[in-house]
Amino acid sequence: MGLGIETRHLIARRAALEIRPNMIVNLGIGIPTLVADYIPNDHGVLLHTENGILGMGGSPETGMEDGNLANAGGYPVTILAGASYFDSATAFGMIRRGLLDVTVLGALEVSEKGDIANWIVPGKRVPGMGGAIDLAQKAKKVIVLMNHTDKTGAPKIVKECSLPLTVQEGAHMIITEKAVIDVTEKKLVLREVMHPYTVKEVLETTGAPLSLPEKVAVFR
Amino acid sequence: MLSHTEAHPLKTKQITMDEAARYFSDGMSLMVGGFGGVGAPPGLVQLILDQEIKDITMISNDTGFPWIGPGKLITEKRVTSLIASHIGSNPEAGKQMHEGTLAVEFVPQGTLAEQIRAGGMGLGGVLVDVGLGTVVETGKEKVRLKEKEYMIAPALTADVSIVYACKADTYGNLMFDKSARNTNPLVAMAGTITIAEVDEIVPVGTLDPECIVTSGVFVDYIVQSKGVDWKWVWELKQGT
Numbered sequence: 008m009g010l011g012i013e014t015r016h017l018i019a020r021r022a023a024l025e026i027r028p029n030m031i032v033n034l035g036i037g038i039p040t041l042v043a044d045y046i047p048n049d050h051g052v053l054l055h056t057e058n059g060i061l062g063m064g065g066s067p068e069t070g071m072e073d074g075n076l077a078n079a080g081g082y083p084v085t086i087l088a089g090a091s092y093f094d095s096a097t098a099f100g101m102i103r104r105g106l107l108d109v110t111v112l113g114a115l116e117v118s119e120k121g122d123i124a125n126w127i128v129p130g131k132r133v134p135g136m137g138g139a140i141d142l143a144q145k146a147k148k149v150i151v152l153m154n155h156t157d158k159t160g161a162p163k164i165v166k167e168c169s170l171p172l173t174v175q176e177g178a179h180m181i182i183t184e185k186a187v188i189d190v191t192e193k194k195l196v197l198r199e200v201m202h203p204y205t206v207k208e209v210l211e212t213t214g215a216p217l218s219l220p221e222k223v224a225v226f227r
Numbered sequence: 004m005l006s007h008t009e010a011h012p013l014k015t016k017q018i019t020m021d022e023a024a025r026y027f028s029d030g031m032s033l034m035v036g037g038f039g040g041v042g043a044p045p046g047l048v049q050l051i052l053d054q055e056i057k058d059i060t061m062i063s064n065d066t067g068f069p070w071i072g073p074g075k076l077i078t079e080k081r082v083t084s085l086i087a088s089h090i091g092s093n094p095e096a097g098k099q100m101h102e103g104t105l106a107v108e109f110v111p112q113g114t115l116a117e118q119i120r121a122g123g124m125g126l127g128g129v130l131v132d133v134g135l136g137t138v139v140e141t142g143k144e145k146v147r148l149k150e151k152e153y154m155i156a157p158a159l160t161a162d163v164s165i166v167y168a169c170k171a172d173t174y175g176n177l178m179f180d181k182s183a184r185n186t187n188p189l190v191a192m193a194g195t196i197t198i199a200e201v202d203e204i205v206p207v208g209t210l211d212p213e214c215i216v217t218s219g220v221f222v223d224y225i226v227q228s229k230g231v232d233w234k235w236v237w238e239l240k241q242g243t
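The listed protein sequences correspond, in order, to chains A and B.
Quick note on the numbering used here: the first sequence kicks off at 8 and runs consecutively.
Quick note on the numbering used here: the second sequence kicks off at 4 and runs consecutively.
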């Protein structure tokens with residue numbers, strides 16, 4: 008995503024605060040994967056993967072990898088006590104049934120209504136939606152982690168998405184290297200700015216109106 | 004009373020790779036188990052490559068990596084039509100799609116899994132609301148049921164399904180290993196002919212029936228695997 012390692016971890020650490028004890032959580036690839044590092048071990052959180060694990064643990068030590076035990080991105084993982092394996096249909100049944108408390112994913116654009124675009128740039132990048140549409144439409148809370156702007160400096164938080172959507176009005180929260188934004192029914196609310204950015208800098212690089220509460224906290 | 008004891012009468016479904024080759028043909032529809040290449044049958048994929056089979060319509064969760072699992076069939080240009088949820092880890096698939104040599108239908112992952120399951124379960128299709136309000140809706144037939152709108156996702160079957168199991172008896176009762184299970188039990192049910200590549204083949208009667216994930220009734224043939232014949236992406240990054 009073009010962000011430094013410290014910034015990526017700052018975003019992940021902030022996202023982890025949204026995860027409460029005993030939640031069922033799915034983490035996407037990229038910065039969302041780092042969120043796992045900041046979920047306290049004693050919280051009883053179970054990580055869900057699309058390929059069929061509930062209760063995924065961290066990465067194994069080098070040399071201890073198992074080719075048949077991987078996350079949805081194909082990288083080796085471990086499991087925690089209480090974990091279960093199941094087929095892909097069951098993995099998505101859990102999602103559609105509304106059993107996921109939180110999903111954390113990346114995005115190309117998010118609109119002021121919470122529309123998310125994250126699976127295709129027509130004619131350029133065509134990764135496919137994978138499980139993103141299922142997750143973004145069905146998880147109880149959808150948290151988007153992304154750069155505040157794209158490579159050209161253009162805002163990624165916009166009035167209307169220009170790219171094909173992953174979900175309409177799906178996002179509940181956006182966390183970038185500059186800000187923590189709540190997506191409410193009527194408007195985007197700037198909850199926090201990320202150190203060292205200012206409210207002014209956030210407003211200047213956001214392509215949709217942001218509502219400001221009396222006090223905007225600083226997260227560092 | 005029926006009693007299958009030591010000398011069980013169930014005929015073996017085990018065949019050699021050479022014998023399995025006859026079930027693949029140009030223009031076939033092929034369903035491949037696995038997720039990101041994990042759980043994809045290495046020997047059967049290689050067999051299809053070695054047989055010079057082409058013009059395949061492939062149905063798989065994804066296209067793995069260019070050198071892993073069903074990704075190899077893409078890299079070698081054997082697939083002309085693809086139904087999948089994700090091709091992002093295989094740049095070759097995206098390249099062929101843009102060049103117009105590979106037709107790709109993208110399906111949300113959970114819907115694709117259900118379409119395959121429905122095919123295996125003898126259903127006409129399933130009703131899903133995942134993707135309403137997105138391009139997924141394009142061209143989909145819709146129904147209203149209990150005041151909710153759904154798209155009809157038709158069942159998927161294939162001429163041949165290939166899957167990878169860690170253990171099987173000679174009747175084709177299958178067990179899978181950890182997250183290598185993924186789409187395999189679904190794909191196993193949806194093939195007109197299903198061939199399972201298996202790491203360990205044991206006599207009938209030696210598997211605990213409670214632990215069998217796919218009943219052998221869905222499996223036509225089993226072949227002995229020689230194991231994964233590719234390097235995983237994380238192994239390459241470690242430089243091993």
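Simulated from the structure, these hints should not be mistaken for lab results.
Note that the Cβ used here is the ideal one computed from N, Cα and C, for glycine as well.
Watch out, some of these pointers could steer you wrong.
[To be verified] Incomplete in silico selection of chain B near chain A, CB under 10 Å:
#1 Val41
#2 Pro69
#3 Val131
#4 Asp180
[What the hints assert, rightly or not] Here chain A is said to cover these stretches of chain B; the calculated rule only asks that three of the stretch's residues, wherever they fall, bring their Cβ under 8 Å from a Cβ of chain A:
#5 87 to 97
#6 191 to 201
Hint check results:
Because the closest C-beta pair between B:Val41 and chain A is about 5 Å apart, less than 10 Å, the hint holds. Checking B:Pro69 against chain A by beta carbon gives a least distance of about 13 Å; that is not within 10 Å, so the hint is violated. Taking 10 Å as the C-beta contact cut-off toward chain A, the hint placing B:Val131 at the interface holds, the least distance being around 8 Å. A distance limit of 10 Å between C-beta atoms decides the matter here; for B:Asp180 the minimum to chain A is near 4 Å, and the interface restraint holds.
Remark: the region 87 to 97 of chain B is confirmed as covered by chain A, as 7 of its residues place a Cβ nearer than 8 Å to a Cβ of that chain, reaching the required three. For the region 191 to 201 of chain B, the assignment as covered by chain A is violated, since 0 residues bring a beta-carbon within under 8 Å of that chain's beta-carbons and 3 are needed.
The structure fails hints 2, 6 (numbered hints given earlier, in ascending order).
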